[in-house]
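Q: Using the sequences provided together with the hints, build the complete structure.
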Amino acid sequence: MTAVVAIAVSVLPVFLFLGALVLIDSYKLVAWRAILLSVLAGVVAALAGYAVNISLRPALALDLAPYSRYVAPVVEESFKAAFVVILLQRNRVGFVVDAAIHGFAIGTGFAFLENLYYVEASAGATLWTWIVRGFGTAVMHGGATAILAMIAKTLQNRAGTFRLSLVLPGLGAAVVLHSLYNHALVQPILATALVVLVFPWLSIVVFQISERETQAWLGAGFDTDQELLTAMHAGRISATPVGTYLKALRSRFAPEVIVDMLCLLRLRAELAIRAKGMLMLREAGFEAAPDPAVRDKFRELRYLEKSIGRTGMVAIHPFLHTSTRDLWQLNMLNETQDA
Amino acid sequence: METSVEQLGVVFTVHIAGSVDGLTAEPLQQVFTHELEAGHHQLVADFGAVDYTSSAGLRVLLSTVKRARSGGGDLRLAGPNPDVRKVLDLSGFTSILQLFETVDDAVKSFGRPG
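Residue numbers (the numbering used here), protein chains in the order written: chain A, 1 to 339; chain Z, 340 to 453.
Note that these hints are calculated values from the structure, not bench results.
Anything over 12 Å on all C-beta distances counts as not near chain A; from chain Z, calculated:
{"no.": "1", "residue": "Val-349"}
{"no.": "2", "residue": "Gln-369"}
{"no.": "3", "residue": "Val-370"}
{"no.": "4", "residue": "His-379"}
{"no.": "5", "residue": "Ala-388"}
{"no.": "6", "residue": "Phe-449"}
Quick list of in silico lysine-lysine cross-link-like pairs, DSS-like style, CA-CA up to 30 Å:
{"no.": "7", "chain 1": "A", "residue 1": "Lys-28", "chain 2": "Z", "residue 2": "Lys-425"}
{"no.": "8", "chain 1": "Z", "residue 1": "Lys-425", "chain 2": "A", "residue 2": "Lys-297"}
{"no.": "9", "chain 1": "Z", "residue 1": "Lys-405", "chain 2": "Z", "residue 2": "Lys-447"}
{"no.": "10", "chain 1": "Z", "residue 1": "Lys-425", "chain 2": "Z", "residue 2": "Lys-405"}
{"no.": "11", "chain 1": "A", "residue 1": "Lys-247", "chain 2": "Z", "residue 2": "Lys-425"}
{"no.": "12", "chain 1": "A", "residue 1": "Lys-247", "chain 2": "A", "residue 2": "Lys-297"}
{"no.": "13", "chain 1": "A", "residue 1": "Lys-28", "chain 2": "Z", "residue 2": "Lys-405"}
{"no.": "14", "chain 1": "A", "residue 1": "Lys-297", "chain 2": "A", "residue 2": "Lys-28"}
{"no.": "15", "chain 1": "Z", "residue 1": "Lys-425", "chain 2": "A", "residue 2": "Lys-306"}
{"no.": "16", "chain 1": "A", "residue 1": "Lys-247", "chain 2": "A", "residue 2": "Lys-306"}
{"no.": "17", "chain 1": "Z", "residue 1": "Lys-447", "chain 2": "Z", "residue 2": "Lys-425"}
In this text, a Cβ means the ideal position worked out from N, Cα and C, and glycines have one as well.
A: So this is what it looks like as structure tokens:
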């Protein structure tokens, strides 16, 4: 068994799984650059996990079997979860399907380095070993972190904001899955077959649910933003709840700040329509041409936020759509202009 | 919403009146599908009497453009009111859909390249 074959069999399958996940996502909301970053984060997590594992096992005086069943899954899944936390905290993940792709990419990076290490350390291993490591262990690493990220994103959607505690249930699930796999309850080749059969099926179900959710959010959000904007352009804003609220703020803020607030709301609605329009075009298989005006609008947005000030921003917070998905769409649009 | 179809040479114009929303998008889709299945791939959507279109209406336009283009034709939009035009501009749809002031201009555009 040459090292090249061992590397190919133990490393390629998980990358092929990752590629398939990206291809079946019809919205293609996760850029390749972001996926690569998640893979790199997985590599870093593997390095950190290795460093902790080699010092923690002697310190705990545990044999390899109990350590790999009960301690290593906690250490490794926690390091992999760290980048998921960063992504969710910065509103870089719009939908559950995107969370799955990022999570699987992190697991891919982790498995990549781990399997390279095993190829180096186990020169005499048979082809079956590399099949189990490539199709079983590596896909398990990707799948466990994908499940962690999907659960965390679902909870974040329900909460409407991010808290560290929202990652804990997903982390628990990933640790249990990882630990079960390491228990070797069935023959390794059977465990590998289970992973290979279950993961694609699970992915397709999750992707279909997420796609329906995306379509519903796009439709409802687009129509709400359009109605607000039409009311503003038609001078009917004073008849809307936003207009009534802004009138109430007149006694507390200078007139020019009130005007800036109105401009900010209009600009946010315009950018939201642009972002959702871009997604609808992508859904239909089209790619919108970049619009230089979008960059100017983001510049204007930052100027208005500064001009309105912290207190003013707090005052109009009830009418600023600031759910994690609303903020994500602005991040996504901004990054698309930079790309 | 009411629709009627008019043939001008090889171009078929779908005249639409009223609102295109979640309730009326499906019947509109059926009108376009009927034309496409009859082999009419050069289509004009007359939006002159459309007062509002929701995301459901825009999805109908996109799927029709896609099918018409794959059949070698196109769907072009004529006479949208300023509100509809503004939304089409903001959403980036005008980079995909060709817009014309009148039905006549849209029909004639099929005789010109590009």
